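> Spelled out, the chains give:
Protein chains: 2
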Amino acid sequence: MFRSHTCGELRKSDVSKEVILAGWVQTVRKFGAITFIDLRDRYGITQLVFNEDLNPLLDQNPLGREFVLQATGFVIERSNKNLTIPTGEIEMDVRSFKILNKSAVPPFTIQDDTDGGDDLRMKYRYLDLRRNAVKKNLELRYSVNRSARNYLHEQGFMDIETPFLIKSTPEGARDFVVPSRMNGGQFYALPQSPQTFKQLLMVSGYDRYYQIVKCFRDEDLRADRQPEFTQIDCEMSFVEQEDILNMFEKLIKRIFKDVKNIDYTDAVERTTWEDAMWTFGNDKPDIRFGMKICTLKKPISVYLNKHDHAALINEAGFPVFDGAETVLAVAVPGGAAFTRKQLDELTEWVKRPQIGMKGLAYIRYNEDGSLKSSIDKFYNEDRLKLIASAVEAKQGDIILVLAGAEERTRKAMSELRLEMGEQLGLRKKDEFKLLWVLDFPLFEYAEEENRWVARHHPFTSPKPSQIQTMIENDPKISDAANYLSHPYAQIQANAYDMVLNGNEIGGGSIRIFQRALQEKMFEALGMTQEEALHKFGFLLGAFEYGAPPHGGIAFGFDRLCSILGGSESIRDFIAFPKNNSGRDVMLDAPSTIDDSQLKELSIQLQKSN
Amino acid sequence: MFRSHTCGELRKSDVSKEVILAGWVQTVRKFGAITFIDLRDRYGITQLVFNEDLNPLLDQNPLGREFVLQATGFVIERSNKNLTIPTGEIEMDVRSFKILNKSAVPPFTIQDDTDGGDDLRMKYRYLDLRRNAVKKNLELRYSVNRSARNYLHEQGFMDIETPFLIKSTPEGARDFVVPSRMNGGQFYALPQSPQTFKQLLMVSGYDRYYQIVKCFRDEDLRADRQPEFTQIDCEMSFVEQEDILNMFEKLIKRIFKDVKNIDYTDAVERTTWEDAMWTFGNDKPDIRFGMKICTLKKPISVYLNKHDHAALINEAGFPVFDGAETVLAVAVPGGAAFTRKQLDELTEWVKRPQIGMKGLAYIRYNEDGSLKSSIDKFYNEDRLKLIASAVEAKQGDIILVLAGAEERTRKAMSELRLEMGEQLGLRKKDEFKLLWVLDFPLFEYAEEENRWVARHHPFTSPKPSQIQTMIENDPKISDAANYLSHPYAQIQANAYDMVLNGNEIGGGSIRIFQRALQEKMFEALGMTQEEALHKFGFLLGAFEYGAPPHGGIAFGFDRLCSILGGSESIRDFIAFPKNNSGRDVMLDAPSTIDDSQLKELSIQLQKSN
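Chains as they are written, first to last, in this note's numbering: chain A, 1 to 609; chain B, 1 to 609.
Hint data in this document are derived by calculation from the structure and do not stem from the laboratory. All values derive from a computational prediction rather than experimental measurement. Every clue listed holds true.
Chain copies aren't distinguished; within one or between two, either way the pair holds.
List time: in silico BS3-like cross-link candidates among lysine-lysine, alpha-carbon distance up to 30 Å:
no., residue 1, residue 2
1, Lys135, Lys250
2, Lys463, Lys411
3, Lys136, Lys250
4, Lys123, Lys520
5, Lys17, Lys250
6, Lys98, Lys520
7, Lys463, Lys476
8, Lys358, Lys341
9, Lys372, Lys385
Just chain A, with the same shape it has in the complex (with noise of 0.2 Å):
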């Protein structure tokens, strides 16, 4: 060993013991013959200091930033202490010291601000990573997985590894290939998930599997996707939902007990899919805070279950609103206050094109409760109160409202809604909320060819209730412009996401386990019969021997990572990530390949004509 101690170990109670240390130089500070060395470790930090008998030797051999140095000496008690690092009140006092590895200038600092842009840091990343900030991150990264882990065992799971090597069954996302040498002209994929590995398990009674494991999908990266990410992935057999929702929300709460000391001691929450996007506008609502959206009118096709208050708004001759699928209004707290810029700046902020709206309109609800609005042409102060009291506003709030085609405008109302949170500090870092969505619409319309796509995937069963539905009725869709009218459309999902922070953090479902259903669901989904056994015939045939009643969740672990560690990217929290194009700026990967390789792979490059 290089070392007796680390440099994050030394306390006062170790005084005047020989020790030797070995680490990066932090800081260098000469101060007349006497020198200030901050060396630093992996575990912390500790002064050394040369004396005027060493100094010379330092004259000969100059330290600079990132040296790796070894160092012999005594401990002892500084004058001058440091209570703000546990290693504050001792230093050493070096008798020896050994440069065991120079350093070129770091292209920028290694500090917790560094001064070093994005590409350099990721081109560096091994220096990025010396960074106190990325390495809290992902020391909390291990301590998540540490803490899966136990919990997951003392549960009775089961890791079992699945492989890398499978087979090409694009559904949803593209599929990374690997050409297969030695059966030329074929492929592995790799994996999206672990999916059908884990419902095999589950049919050799395996009863509770889980692994931590890389999946990879071939996406156009938007911000913040990387083309390799890490799951939890779970299953269990003999289950309904409402055990893995118990199961796994404790797994979370253990996660914040392990990682953040938090005791989650509330009851999680639960939504149905329909209610939060009536009352949030999209299916992750951030809960923190309130803010509920009203809808002050719908169209009659969506949201079969829920009365919109249309009668307050109609007949007033605004043609905004009459004009308008929806019209849904949001009551900010204490927004009555809000300047005439400040709601110019709101109006610019919903017509931009992420957004997408035309204007908002706004009822100022004053402190002395008189109501004042963008729309008091259309609307006299009582038909104004009619809304606020529909809105549940208070004196002192704005009304904010907006108005369009139903899924823009709801979007766009949810957006706002957060945009809102996150002005009032409402969006807390240290709060965390969880939250169960349930009863997911099974399929979703495919416009462009007019059939029916899984939601989840093909795997998700419809609940218990439903199936006789989705047996009994033909799938094809003959009245495209009527497809709600289609009994498939009200079938609901025995699926689930849990959401923190109006993440989605993880889903999963009750699956499927009689081929008779299987086989129906791919021909909902528009496989022949002959596709759906080339794809997955080995899953069919295994429903054939006895499967057992099965579901299960993943969980994005780089996601749920970043939210615990107060983060928007999750690139912060994976130790070599690739950037937007999907690049490794420090490997330079991908690359070329030689044509030898090429050649044995059976492939060559495609011309460009």
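Please build the complex by placing chain B on the supplied structure of chain A, with the hints as guidance.
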């Protein structure tokens, strides 16, 4: 939940409880109006009794093997106890039942000794995995995984995930590559190991890293190789060889304790590579038994520090020995009693093409002290006695002698020794003997290219005392015939292999951590500077910014599990293995992909001309 208890849980203390079980029908036994069913799940088997009331219902819904059944009833004490299983004192008096899923007749029996052949079991791997024997293997695998993680965690190691989509830098084995859609004409590679990443993590100061991680090698598969395999991958900073040996022999001992309840209290033996080759004929000797090889004759050029006993066999006029480069002997305990037939069979055995010897000489050292040999014509009893003494044979032994070219003969003798150990029952499955093999040559000579190749990998450091030899000498080999006299031939690696019962289960090294030495290594391996920069520029760059001394090890997780489980085949310890052609016969992968996929990836299949 579909059950209140598992099938392995109920005991006499549960008698009279009302319980619900769910599982698979293992057997159905009818005795008149009573039916007994063994219900199986991951946790065990419980006997269900269907009495006269329920039997008519059973007749309407006949149960077959592997049906999934849910049964409700009362725990009762068995009159006819089965004390070989934990639940054998009770049974369930069934009051109602539900068939959760039916099963077709399985293509082979789901029992320890199955009637299914290898191909059939691989095709229906999900059924094979139900067999208790396979389940036990995967349980063992998980317990090794858990034990390793616990130990490494306690020792301060951090699990840090390294990327799977990296850069192709084929050295040694071939890379699997992954065409990039977003970077047309470019490819990622799947990692053969996280070697360079774990070294970068050391440069980043992470100090102690581990991962249980999939690795990929596109090799022609010999029996019991898999294109994807799992490593326990570890790296430490500020360590020397001794620190690594200490840390990781404790890891394996901990696994012995946790997984097999074996207290491995003996010190782990150590040998040098040269001693291992000299004494056992290979670098992963099985030291559960002795039978050390005696080198009667060797070429001057090999094992420079070792002396043979050539004087004992020379000048006897025996052309076979005189003409042979190498003559090796081994004393087989009790072998003097071998019959003529046994010796003929052994002779045939060494003449098989896999062994490739021309014949086998023997010397019986009879119980009465007399000696009788197949080479009596050339060696009188006195000379035989001297040979016997050199071989350390005892009365009652037989001495087996092989002669031929050095490398082949030593390999053959190594195999013969193992075969004799096997035949004599000296390779006991329940005995475990660890061995460190040290002081490997750093380089091997590649005859075709007349250059050095790295015996371990290009990141392995020479022994500290030999770094200067490496730096100061030109790696070029001017005199190919005399390559052994090149200074590089004598450089030893700062590397170590861990051997368990004759299998290499792990290997590693202290790494090069200085740019100049790493560049010299790349040069020694015949890389141009441009090549070195293109392939490993990131690592060379990292070494400029304060790389610490570091080293590590990687264990073959699949192999380790198979040895602990007493099996020859790693495939038995992998949930979804591939066959010897690299195919997953269950999935039918690899397979062809759509033209549209190829097009998106900017590749096309090679036209065969």
